[in-house]
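Asks: Produce the complete structure using the sequences and hints provided.
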Amino acid sequence: MGFCRLLLLAIVLLTSWFSTAKGEVSLCDFPKIRHGILYDEKKNEPFSSVLSGKILYYSCEYNFASPSNSFWTRITCTESGWSPTPKCLRLCFFPFVENGNSTSSGQTHVEGDIVQVVCNQGYSLQNNQSTITCAEEGWSITPKCISTNPTGKCGPPPPIDNGDITSLSLPVYASLSSVEYQCQKYYLLKGNKTITCRNGKWSEPPTCIYPTGKCGPPPPIDNGDITSLSLLEYEPLSSVEYQCQNYYVLKGKKTITCRNGKWSEPPTCLSACVISEAIMERHNILLRWRQSEKVYIQSGEDIEFGCKPRYKRAKGSLPFRTQCINGHINYPTCMLNHNTFIH
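Each step along the sequence shown adds one to the number in UniProt numbering, with nothing skipped, and position 318 is 318.
Quick caveat, the hints were computed from the structure, so don't treat them as lab data. Don't take every hint at face value.
Distance condition first, Cα-Cα at most 25 Å in a straight line; then the derived SDA-like pairs of lysine to any residue [unchecked claim]:
#1 Lys253 - Pro236
#2 Lys253 - Thr207
#3 Lys254 - Gln243
#4 Lys153 - Ile165
#5 Lys312 - Ala278
#6 Lys253 - Gln323
#7 Lys201 - Asp164
#8 Lys201 - Asn127
#9 Lys262 - Gln243
#10 Lys144 - Gly106
#11 Lys32 - Gly81
#12 Lys144 - Gln129
#13 Lys262 - Leu189
#14 Lys87 - Gly138
Replies: Written out as structure tokens, the structure reads:
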């Protein structure tokens, strides 16, 4: 068997040499693709060079993809080299940013993409950067906004409705500094009248309420509203009910009550998940059931995927049954089943 392979290699090399001398055929170096796998690599690897016109297929490792996003990408040896140039690009999932936000949160980016991050006041990305790049090893820096105030100093105390601090406000306060609040005439102070600066942040300030205990309009919530007409003023123990927009799920108590001039904690509306056909195509998966043009899954609901025909579950893939969590869903991955691959 070894002699036959050596003889075959010698014939190919001699044929290539004669053809090249006549200007008929060019050769390509055997492709070595970072984070890539050639189909039938062991079969082709003994040949250090490949004849012009030869077609090969390659796939990328988990968390990498070819420029075409195909599971198996076709490349052809031409006079100018391999076409298209074989390469595997890193895929970077962008999480929700601690102490900041980004429009890219919950999305997957490809190597070379640059993401803009906006940090909360008093925070910044590492080295005061405002962008993060998807690189071969993942994100260039950790997607986290860190405090720009390691000394623990605080800015001016937070303002409160119908009240103010008893002293002159300063631009900067040393750690452990304290200030005291007082309410305007006819208002009562609720909570601790003194707040303290600790680790660059003020403790919770008090509130100033009507002595009658009446409340103003109910607080607004994202992607939801109250079920009744909003009033300018509500009597003590009045209640209102919230509802969420379509495909959003209400979390918390839907009813809030006015007590001592303050509304109880309002609920939140959790985002739905939109199933992405592009991501399913990239991961070689389908839904277990027939879908419409767009599929919306409410937060907390389960959904099940399956592999496309002639594909099988990839090693290390996430579970096929997964759950929508506040607008985010994890997709499993399938790879081509070599036993059914057609040349």
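Asks: Please go over all the hints and tell whether each is borne out by the structure.
Replies: Okay, the hints, checked on the actual structure:
1. Lys253 - Pro236: holds, 19 Å
2. Lys253 - Thr207: holds, 23 Å
3. Lys254 - Gln243: Measuring from Cα to Cα gives roughly 7 Å; hence the hint holds.
4. Lys153 - Ile165: Distance ~18 Å between Lys153 and Ile165 Cα, so the pair holds.
5. Lys312 - Ala278: With a Cα-Cα distance of about 19 Å, the restraint between Lys312 and Ala278 holds, given a limit of 25 Å.
6. Lys253 - Gln323: holds, 23 Å
7. Lys201 - Asp164: holds, 18 Å
8. Lys201 - Asn127: holds, 22 Å
9. Lys262 - Gln243: holds, 20 Å
10. Lys144 - Gly106: holds, 14 Å
11. Lys32 - Gly81: With Cα atoms ~13 Å apart, Lys32 and Gly81 stay inside 25 Å; holds.
12. Lys144 - Gln129: Satisfied, since the Cα-Cα distance of roughly 11 Å is no more than 25 Å.
13. Lys262 - Leu189: Given pair Lys262, Leu189 holds - Cα atoms ~12 Å apart, limit 25 Å.
14. Lys87 - Gly138: Holds. Lys87 to Gly138 sits at ~16 Å (cutoff 25 Å).
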